[in-house]
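Sequences are here, hints too, so could you generate the full structure?
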Amino acid sequence: MSVHRHSSSSYSFDNVIIQSQAAVVGPVEGDGPLAQYFDRIWPSELNNHPSSEKAELALLIEAQNVALTKARIEWPNVDLVMGGDLLDQLIATNFAAREHERPLAGLFSACAVFAESLGFGAMMIAGGGPKTVLAAACSHHQSAERQFRYPLELGYQKAPTAAWTSTAAGACVLAEDNSVKDGSLVIEAVTFGHVIDWGEKNPNDMATAMTPAAFDTIKRHLRDMQRDISYYDQVYTGDLGVMGIRLLDAMARQEGLNWSRYISDCGKSLYDIERQDVHNGGSGPGCSASVFSGFLCHQLQHREFHRILLVSTGALFSPKSYLQGESIPAIAHAVAVSRIN
Amino acid sequence: MAKVRKLSREMKQYQNMADQLRPGKPIVKNAVVAFFVGGTICLAGQGVQWFFMQHGMTPKEATSPTTVVMIGLGALLTGLGWYDLVVKYGGMGGSLPITGFSNAMVAPAMDARTEGFVLGVGAKLFTVAGPVVAYGLAAAFVVGLIRYLFMGVG
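Chains as they are written, first to last, in my numbering: chain D, 1 to 341; chain B, 1001 to 1154.
A hint or two may mislead.
[Said to hold, decoys possible] Partial chain D-side listing against chain B, Cβ under 8 angstroms, derived: (1) SER51; (2) ARG146; (3) TYR150; (4) GLU153; (5) GLY155; (6) THR161; (7) TRP198; (8) GLY199; (9) PRO203; (10) ASP205; (11) ARG246; (12) LEU247; (13) ALA250; (14) ALA252.
[Stated by the list, open to error] Here are a few chain D residues that sit away from chain B, every Cβ distance over 12 angstroms (derived from the structure): (15) GLU74; (16) HIS100; (17) GLU101; (18) ASP177; (19) PRO212; (20) GLN226; (21) ASP228; (22) MET251; (23) GLN254; (24) ASN258; (25) SER264.
Quick caveat, the hints were computed from the structure, so don't treat them as lab data. The model shown is predicted, which means the values in this text are computed figures rather than measured ones. We put the beta carbon where it would ideally sit given N, CA and C, even for glycine.
Laid out in C-alpha cells, this is it:
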C-alpha cells in the first residue's frame, strides 16, 4: 500500500482495485451502440421525476446504489464519496449526499470530474486514508440544456460541432486489496491535468477548446510513466467527439507521433453518430463515467482490453465567462486501469 | 470586456488547423429548407387572413386577428413539443415568422415552470425574446422620431 510520485502530475499506486462499477443511462444513450453494457436504461429522460434536476439526482443515486449492491457492501461501509456533476453548486452530488449521509468530497472539473475522482480516490486509498471510496459522476441532457444553453422547447439549429450532454451516471467502488486476484481491475496510475487555454471561444465547439488539454495530459502521462502509447490497448478521451479525435490525431501527427490506432473517445462511442443526430457526440461528466463503468470495465473484464487510459476532458467555462468574451480553459485528467492477467 | 489573451504562434497554428478540420454547416441545404418551411408558415398565415376577409373584414382589419391566430398556433405547437423540430430543420424559416416569436416566449415559460410562477415563469418569460422586444421598441422610437422630424404628426 503506497503511492509512488513520478512527477507533480503523475502518481502510481499498488493494490487499489475497482471492486464494482455501475452505469445508468437515459433513453437516447440506451438506444446507442453500447446499450448492452449498461446496468439500467431509463425509458424516458425524466423517468417520472418532476424536474430535470431531480431526475439527474435520481440517476446519480441509482448508479451509486447499483454499484454498492454489486460490490455487496452497504452505505455505512463507504468511507468516502467522491465525484461531481455540471449543475451550479454541484446540486446532484451534494443532494445525493443528503440521502446517503456519508463523508463527501465534491469535486468540480466539468466533464473531467470522473477521472479526477477515480485518481483522487485511488491515491487516498493507496496513501492509507479511506478504505472504501465510491467515485461517481453524472449529467442530464435536459438540466444541462437549461443551465448552459436554451429552454428545451426553444427551436434553434445546433452547429455540427456542438456537444450533446449525455443523460448518464457512472459509479465505481474503489478499495484496497493486498491479495489482488487474477481478473481484478486495478487503478495503476493517475496524471492530473494542467489547465490549458489556446484561445478557443466558441461554446458550440468545446472539442477545439479541450483537445490541447487532452494532448498535454496524455503526453505528460506517457513521459512521466516512461511509457509508449502502445503500452495501452486503447486511450479513451472523455468527450472530444468526432471533431476532437480528428484534431488530437492531427496534433500528434504534427509532433511525429502516430496515435490513430490508439485513440478513441467516450462521447463518440456512446452514440451512433450517423443515426442519432447528436452532432459532435456525447459530453458531460456522465458520458465518460458511464462509458467507463459500463463498456470499458466490461471490455477489461472480458479480456478484450488489458490496459486502458481514461482521459476525461472538461471545458471550464460558465455561461457568463463566454458572454464576457473569455476564451474557454480546459483540463484533462488521465487514469490508467488494467486487468491483472 | 475581458482583456484579450495574447495567442502564441503555436496557438494560432492550432486554430488554423481546427478551422480546416471543422465540419462546415450545410448552408445551401439549410437555406432551401428554410425557404420552404418559412414559405409554408406564411402560406398558412395568408390562408387565415383570407378566412377573416371572407367573413367581411378588410385586409387591414384582418391583420390583427391573423397575428393572434398564428401566435396561438405557435404556442400550441411549442406546447406539444413540435415547434423545436420545425426550427431544427427549418432554421430561420421557423424562427422569423411570428410563430417563431411565440415559440421564443412559450419555451422559456414552460422551462421555468418548475421554479414557480413569479420568479420562474414571470421572470424568465423574456429571456429569449427580451432583446427583440427591447431593441424593437428602441428602433421604433428612433424611426418614429425621424419620421416626426421630416413629416410631423399625422
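Verification of the hints:
no. : hint   : in the structure
1   : SER51  : holds, 4 angstroms
2   : ARG146 : holds, 6 angstroms
3   : TYR150 : holds, 7 angstroms
4   : GLU153 : holds, 4 angstroms
5   : GLY155 : holds, 2 angstroms
6   : THR161 : holds, 6 angstroms
7   : TRP198 : holds, 4 angstroms
8   : GLY199 : holds, 5 angstroms
9   : PRO203 : violated, 14 angstroms
10  : ASP205 : holds, 7 angstroms
11  : ARG246 : holds, 5 angstroms
12  : LEU247 : holds, 6 angstroms
13  : ALA250 : holds, 6 angstroms
14  : ALA252 : violated, 12 angstroms
15  : GLU74  : holds, 33 angstroms
16  : HIS100 : holds, 24 angstroms
17  : GLU101 : holds, 26 angstroms
18  : ASP177 : holds, 43 angstroms
19  : PRO212 : violated, 7 angstroms
20  : GLN226 : holds, 25 angstroms
21  : ASP228 : holds, 24 angstroms
22  : MET251 : violated, 7 angstroms
23  : GLN254 : violated, 8 angstroms
24  : ASN258 : holds, 17 angstroms
25  : SER264 : holds, 17 angstroms
The structure fails to meet hints 9, 14, 19, 22 and 23 from the earlier list, while all remaining hints are met.
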